[in-house]
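A.B. asks: Based on the provided sequences and hints, a complete structural model is requested.
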Amino acid sequence: MYPQNTPRLPAQRAVEVHHPNPISPAVAVPTPVVPVQPATMPTVASVVLSDGRVVTGYAISPVQPEPATAKPAVSRAAANVALGGVGFLAVCGGLLLLTTFITALTALITQLITLAAVVFGGWIAVQVFSASGPRSGGTTVNIRKAVIKRNHFHG
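Quick note: the sequence shown uses our numbering, first residue 64, plus one each step.
Bear in mind the hints are in silico, worked out from the structure with no lab data behind them.
Any given hint might turn out to be false.
[Claimed, not checked] Keeping only pairs whose Cα atoms sit at most 25 Å apart, straight-line, the calculated SDA-like set for lysine to any residue is:
id, residue 1, residue 2
1, K134, S113
2, K134, L146
3, K134, L152
4, K134, G148
5, K134, V144
6, K134, A145
Being a predicted model, the structure only gives us computed values, none of them experimental.
C.D. replies: In structure tokens:
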């Protein structure tokens, strides 16, 4: 099974245990050690395993989780989104009023221009079509009884 030149493994191997050496800090500052007496001695517990071995050790109390702080009913992000929505609606309302104002102002200016054109056009029409007064430039002829003979006017 094994080749002839291969050394055989021993039946049991020796277990080597390595203990790491702690690294000391570059500057060691001595700290005073104050002896503290525990309030109560922890109890020693022994447990018998199914194969008959006994494990003895100190009982460790389970770590109690920190009491959770009461969270507000509404998160900050939701409140910020809601406030942003309210602000957006206020701006939209203002913009709607602004566009309504601009539309009304445009209509007013259009009506004023139309009124000025009608009044100015009427004044020009009166000036053009009136024949009385010194401005007319033509000759005024009064016809009373006239006799026309052979295409000749006798007045």
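A.B. asks: For a C-alpha distance cap of 25 Å, please report whether K134 and A145 respect it.
C.D. replies: The given pair, whose Cα atoms are some 18 Å apart, holds under the 25 Å limit.
A.B. asks: Between K134 and V144, does the CA-CA distance stay at or below 25 Å?
C.D. replies: Since the Cα atoms of K134 and V144 sit roughly 18 Å apart, the hinted pair holds (cutoff 25 Å).
A.B. asks: Is the straight-line distance between the alpha-carbon of K134 and that of L152 25 Å or less?
C.D. replies: violated (29 Å)
A.B. asks: Between the alpha carbons of K134 and G148, is the straight-line distance 25 Å or under?
C.D. replies: holds (23 Å)
A.B. asks: Verify the proposed pairing of K134 with L146, using a straight-line Cα cut of 25 Å.
C.D. replies: Within the cut-off at roughly 20 Å; holds.
A.B. asks: Hint check: K134 vs S113, CA-CA at most 25 Å. Holds or violated?
C.D. replies: violated (47 Å)
In the structure shown, a violation is registered for the earlier hints numbered 1, 3, in ascending order.
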